[in-house]
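Chain by chain, the residues run as shown.
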Amino acid sequence: MDEATAGGLRIAVLVKHVPDAQFDRHIGEDLTTVRTESILSELDEYALEAALQLVEAHGGAAAGHRVTAITMGPAAAVGAVKKSLQIGADDGVHLTDEALTGSDASATSKALAALLRHLGPFDLILTGMASTDGETSLVPAQLAERLGLPQVTFAASLELTPGDGDRTLSARRDNDTYAETIESSLPAVVSVTDQINEPRYPNFKGIMAAKKKQIQVLSLADIGLQQDEVGLAGSWTRVEAAAPRPPRNQGTVITDEGDAGVRLVDFLAGQKLL
Amino acid sequence: MTTVLVFLDHAGASLAKSERELLSLGASLGEVTVALAGDADQAYLDGVGSYGVQQVYRPDSAAVSEVLVAGKAAFLAEAVRTTGAGIVLLGNSYEAKEIAARLGVRLGAGVITDVVALAADLTATKSDFAGSYTVDCRVTTDVAILTVKPNSFDAIEAGGPSSPHEVRLPVDLPAAVARVTGRVDKPVSGRPELAEARVIVAGGRGVNGDFTPLEALADALGGAVGASRAATDAGWIEHSAQIGQTGKTVSPQLYISVGISGAIQQKAGMQTSKVIVAINKDADSPVFEIADFGIVGDLFTVLPQATEEIRKRGL
Ligand SMILES: Cc1cc2nc3c(=O)[nH]c(=O)nc-3n(C[C@H](O)[C@H](O)[C@H](O)COP(=O)(O)OP(=O)(O)OC[C@H]3O[C@@H](n4cnc5c(N)ncnc54)[C@H](O)[C@@H]3O)c2cc1C
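Going down the list, the protein sequences come from chains A and B. For the first sequence, this note's numbering gives the first residue as 1, with consecutive numbering after it. For the second sequence, this note's numbering gives the first residue as 1001, with consecutive numbering after it.
Since the hints were made in silico from the structure, they are not lab data. We put the CB at the ideal spot given by N, CA and C, even for glycine. Treat the hints with care, as some may be off.
Calculated from the model, a selection of chain A residues having no Cβ within reach of chain B, i.e. all distances over 10 Å [what the hints assert, rightly or not]:
(1) Gly8
(2) Asp30
(3) Asp91
(4) Thr101
(5) Val139
(6) Arg146
(7) Thr177
(8) Asn197
(9) Lys213
(10) Val217
(11) Leu274
In silico SDA-like links for lysine to any residue, alpha-carbon gap of 20 Å or less [what the hints assert, rightly or not]:
(12) B:Lys1274 / A:Gly60
(13) B:Lys1186 / A:Ala156
(14) A:Lys272 / B:Glu1066
(15) B:Lys1281 / B:Gln1305
(16) B:Lys1281 / A:Ile254
(17) B:Lys1274 / B:Glu1066
(18) B:Lys1017 / B:Glu1066
(19) B:Lys1186 / B:Glu1196
(20) B:Lys1186 / B:Glu1066
(21) A:Lys212 / A:Phe23
(22) A:Lys211 / A:Gln195
(23) B:Lys1312 / A:Lys213
(24) B:Lys1312 / A:Arg263
(25) B:Lys1017 / A:Ala156
(26) A:Lys272 / B:Arg1311
(27) B:Lys1281 / A:Gly258
(28) B:Lys1274 / A:Pro246
(29) A:Lys213 / A:Ala75
(30) B:Lys1281 / A:Gly251
(31) A:Lys212 / A:Gly102
(32) B:Lys1281 / A:Leu273
(33) B:Lys1281 / B:Ile1264
(34) A:Lys272 / B:Glu1309
(35) B:Lys1186 / B:Gln1305
(36) B:Lys1186 / B:Arg1168
(37) B:Lys1312 / A:Lys211
(38) B:Lys1274 / B:Asp1298
(39) B:Lys1312 / A:Leu274
(40) B:Lys1186 / A:Arg263
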């Protein structure tokens, strides 16, 4: 991963196929996530958009830049890659293997690190700030650690200063108590927040063009990993039980007749919340 | 006895509520030692001491905080090796989770984030799918790394203040790191921290740029002010006030949702609140589905009346 490509930028965007939050989401009896009605994680759309904007700002495909959408997951997960190709990624990769089922963040980052080493070198590895299913946001930092790369995480803005072999990345990120500016050399792992841009939608031209783009399908063996290094066997955490929270009962709804503020205070007093 | 290493990032003037919760949780699990990344005043260190902590580990150079995440993870890994800790506790900020993430890889240890309860056998409870599932999970490795949500554990001091012994640790920074080149402090509001607040009054697009009636009610209730993404995107309030999937997740005793429709991404951040009150002009707003008490009405008349009523009752 060390020698960044001198010419065009090679950007990997990690995209995840996740249960659509607009529907009820479930954990199955085997304690893994039920992945029907799944979509490209909307938080990854910001990473893809950031990649496309960086490339466009620096000469586009004509300058030799390339954006590769990468996913790992069951057969249907390729949908996340296809959508990315429609939006504008140049090509795609799908790592799929039964043994990956139930991978926690550590096993996921192990598989993705091996995959990126196999496909690399990349100048930039872009991800969303968190998956919308696991929601841990552990994977980008773990990838950076595993690949020995700088991490620029939770970037709310991103700029690339081109140079010959010494391109610099600058970013801003917000914390509770302060805002930071960050600088990094490439290659780097970068996760972006939903503050960074407005993701574009696929248009007709993009949908047609996507049909001709390549998707490479790989298995664990292809990237040199053993089955027990990932999935439930290779995870360092284990889910022991999962139960749907009892739905919140809808309480009283009143219509203001000029005294709603007083009735609110009555309610708070009744709940001992004052 | 298990050694529990509690990570404290950068010290404020005194221990924050969430830091006190971490230290108490630690004390209930074993012998607590602290790894502190930045500088601290004596008062802060004495506060740490009042939780029975006898040793505070510090990095021997400021460089760990000048690079992003990797430096603090390297320091913490060194502290775990030195102390032989079996449990590492961190807060639940984005940065704390990332430090935990890298530490996990360094130590070959499992990480569980967003912990809200912990059994004696270290089975951790957390919410999944935006609060719609409760999940129990366990770390299967020798060392367990847990990031703990504020407001989930009580803070119980072990005794009076005492000065813990400071130990400096040499830290090898990774070769490839991102550097922090600038840091601008945000203005402090004087209100409680969102993640720790007992009461939150949150406003959305419906406040139409004017948060003053929300601030007045929040102040009357001793609460914090939060917002939907529509309100932070419009620039009416700091982005750090955003509650939801891509903002903060909060679970206060009382959440008052004002002029917020209740989109799934907003609910994701607040639906584990103990009591939810919603005020919205539109009776069909989805927020009413999860409200314990809903008011269909105009926030600009309802809020001032409520604030005035609280004052009148001398509460
Ligand atoms: C990837 C992604 C991440 C997101 N993350 C978040 C997140 O973290 N947090 C978040 O909040 N949103 C998030 N969103 C946005 C979310 O989908 C909604 O768009 C947003 O929550 C809407 O904000 P709102 O309810 O304030 O605005 P609206 O949906 O416009 O609702 C405004 C409400 O105010 C009411 N109203 C207007 N005037 C008054 C009045 N005078 N008195 C009383 N009521 C009034 C209206 O009836 C309406 O219901 C995210 C979206 C995406 C795609």
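Exercise. Going straight from one Cα to the other, do Lys1281 of chain B and Ile254 of chain A come out at no more than 20 Å?
Worked result: At roughly 11 Å apart (the allowed maximum being 20 Å), Ile254 of chain A and Lys1281 of chain B satisfy the hint.
Problem set entry | Nearest-CB test (10 Å) between chain B and Asn197 of chain A | Since the minimum Cβ distance to chain B is about 12 Å, Asn197 of chain A lies beyond 10 Å and the statement holds.
For this session: Verify the proposed pairing of Lys272 of chain A with Glu1309 of chain B, using a straight-line Cα cut of 20 Å.
Result: With a Cα-Cα distance of about 16 Å, the restraint between Lys272 of chain A and Glu1309 of chain B holds, given a limit of 20 Å.
Exercise. Per the stated criterion, does the least C-beta distance between Gly8 of chain A and chain B lie above 10 Å, as a non-interface residue requires?
Worked result: Holds, since 22 Å exceeds 10 Å.
Exercise. Under the criterion that the straight-line Cα-Cα distance not exceed 20 Å, is the pair Lys1281 of chain B, Ile1264 of chain B satisfied?
Worked result: Cα-Cα ~19 Å, so holds.
Problem set entry | Hinted pair Lys1186 of chain B and Arg263 of chain A, Cα distance within 20 Å | violated, 37 Å
Problem set entry | Assertion that Thr177 of chain A lies outside the chain B interface [Cβ separation over 10 Å] | violated, 6 Å
Exercise. Between Lys1312 of chain B and Leu274 of chain A, is the straight-line Cα distance small enough, at 20 Å or below?
Worked result: holds, 13 Å
For this session: For the pair supplied as a hint, Lys1017 of chain B and Glu1066 of chain B, confirm whether the alpha-carbon distance does not exceed 20 Å.
Result: This hinted pair is violated, its Cα atoms lying about 26 Å apart.
Exercise. Straight-line Cα separation of Lys1281 of chain B and Leu273 of chain A no greater than 20 Å?
Worked result: Violated. Lys1281 of chain B to Leu273 of chain A sits at ~24 Å, over the 20 Å cutoff.
Exercise. Since Lys213 of chain A was said not to touch the interface, does its Cβ keep a gap of more than 10 Å from each Cβ of chain B?
Worked result: Its Cβ never comes within 10 Å of chain B, the nearest being 29 Å, so this holds.
Exercise. Is it true that the CA of Lys1186 of chain B sits at most 20 Å from the CA of Gln1305 of chain B?
Worked result: Cα-Cα ~32 Å, so violated.
Figure legend: structure checked against the earlier numbered hints; hints not met, in rising order: 5, 6, 7, 11, 12, 14, 17, 18, 21, 22, 23, 25, 31, 32, 35, 36, 37, 38 and 40.
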